[in-house]
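Q: Go ahead and model the full structure; you've got the sequences and the hints to work with.
2 protein chains.
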Amino acid sequence: MHTRDLDYRCGDTNLRGYLAFNNDARGKRPGALVFHEGLGLGDFAMERARRLAERGYVALAADMFGERKQAATLQEVSALVGALRDEPATLRARGRAALAALAALPEVDAGRCVAIGYCFGGSVALELARDGAELKAVASFHGVLSTKLPATEGAVKASVLVLTGAEDPLAPPDQVAAFKDEMRAAKVADWQLVSYGNALHGFANPAADGSIMRAALYDAQADRRSWAAMHGLFDEVLA
Amino acid sequence: MHTRDLDYRCGDTNLRGYLAFNNDARGKRPGALVFHEGLGLGDFAMERARRLAERGYVALAADMFGERKQAATLQEVSALVGALRDEPATLRARGRAALAALAALPEVDAGRCVAIGYCFGGSVALELARDGAELKAVASFHGVLSTKLPATEGAVKASVLVLTGAEDPLAPPDQVAAFKDEMRAAKVADWQLVSYGNALHGFANPAADGSIMRAALYDAQADRRSWAAMHGLFDEVLA
Chain A
205 MHTRDLDYRC GDTNLRGYLA FNNDARGKRP GALVFHEGLG LGDFAMERAR
255 RLAERGYVAL AADMFGERKQ AATLQEVSAL VGALRDEPAT LRARGRAALA
305 ALAALPEVDA GRCVAIGYCF GGSVALELAR DGAELKAVAS FHGVLSTKLP
355 ATEGAVKASV LVLTGAEDPL APPDQVAAFK DEMRAAKVAD WQLVSYGNAL
405 HGFANPAADG SIMRAALYDA QADRRSWAAM HGLFDEVLA
Chain B
205 MHTRDLDYRC GDTNLRGYLA FNNDARGKRP GALVFHEGLG LGDFAMERAR
255 RLAERGYVAL AADMFGERKQ AATLQEVSAL VGALRDEPAT LRARGRAALA
305 ALAALPEVDA GRCVAIGYCF GGSVALELAR DGAELKAVAS FHGVLSTKLP
355 ATEGAVKASV LVLTGAEDPL APPDQVAAFK DEMRAAKVAD WQLVSYGNAL
405 HGFANPAADG SIMRAALYDA QADRRSWAAM HGLFDEVLA
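As they're listed, the protein sequences go chains A and B. Residues 205 to 443 in my numbering are what the first sequence spells out, letter by letter. Residues 205 to 443 in my numbering are what the second sequence spells out, letter by letter.
Incorrect hints may have been included.
Intra- or inter-copy, both count: the list cannot distinguish identical chains.
[Stated by the list, open to error] Cross-link-like lysine to aspartate or glutamate pairs, in silico, DMTMM-like; alpha carbons within 25 Å at most:
#1 Lys-340 - Glu-440
#2 Lys-391 - Asp-413
#3 Lys-340 - Glu-371
#4 Lys-232 - Asp-211
#5 Lys-391 - Asp-427
#6 Lys-384 - Asp-290
#7 Lys-361 - Glu-311
#8 Lys-384 - Asp-394
#9 Lys-340 - Asp-439
#10 Lys-352 - Asp-211
#11 Lys-352 - Asp-313
#12 Lys-340 - Asp-427
#13 Lys-340 - Asp-413
#14 Lys-391 - Glu-371
#15 Lys-361 - Asp-313
#16 Lys-352 - Glu-280
#17 Lys-232 - Asp-209
#18 Lys-361 - Asp-394
#19 Lys-384 - Asp-427
#20 Lys-391 - Asp-378
#21 Lys-384 - Glu-371
In case anyone wonders, no lab produced these hints; they're calculated from the structure. All of these numbers come straight from a predicted model, not from anything done at the bench.
A: Structure, rendered in structure tokens:
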């Protein structure tokens, strides 16, 4: 397993991602983006990138905040996430910069890339899909599903998989219903949404318990199931 | 693969199920019930029973109408299904009779049974779960999710998996929302619900196209995915 930082830019912003891949493998491999939570790029997204690398992907844990900034307080989370939510064009551009950096690597089959994200990062993965990015599939884990720029008809090329806790206060039933309506209205060719009963926000992150994120709780069962559902879709679209 | 009819009774009603299992296998195996659609026990449920038998289950495609009645018209479907929906106690008793007949077989590990169902049969599987039947898990494929007897707190022992088409007119968004509320209120320990985008009623049945069932359409992708999701859960709870 080879891991290293990968620096790339979006406009004037320096972004410092984390790359993981099997350097014994030969030939081009599918690429996978991992978008971090509101806390910034840290151990959790890196660990998921390594797991994807173990499955044969060239995985890039992207940096959405610049200079690999990490939030230490809820106020910082709100400021960093809020700034990007308020400017979805910037958010999408940063996500696309990560995709471009990944796709440009000699080890990556640029036509076979996927993206996943957690919480805020789930939104980023969905925003890339809405933006028509060249991704085979995206998976959002306990992500916020609302957007300032709903998908337009025919725009989404990726297969979309939403993995959400039925008790996630950041993705309540009304938001889930609105997301489904968005997918319908945009005539998205392939989308699925899984609701995990009893699961709260942050169900996939063992560090959720006791973190500064409110209403977050790790759920080992939902973590395992959602990871398997993701691989099920990815194996299908990359076959 | 051994297949044969299996007769059993519920009160005065003679029920004629269809049994499938691998008769080269030794020892007790998990049991699986398959509940048919509103058309009655026919080729489709039998084929699913054989598939489950190939995976190591002793599978019983149950007969919910008696004497293996099959409906030829929508009026007959309505009459047969309506009579049972109006009397949920009878519906549950017939489902339990199938479970008892399966569990009594010497090849079956009675403590390791699961149930699946399609359309009307999905409702039957859910009714057994609501009734607290000794099932490790139930999976409903494009089933109606509403009930006259909502689950009471703590009653449901089975893990519950609902696989539903986002465009199924028999399980519209309000019904899906009400089902989730029922699961929450009953504090069901393990439940999941998957919405397949673009999928209509009957998505798992290749015979749905052009059948007398309204608004039904086969969807090979949703069929494959839902079958995999079912095995994912069953493998987990039977491990």
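Q: Which constraints among the numbered hints does this structure fail? Numbers only, ascending.
A: As far as the earlier hints go, 10, 11, 13 are violated by this structure, in ascending order.
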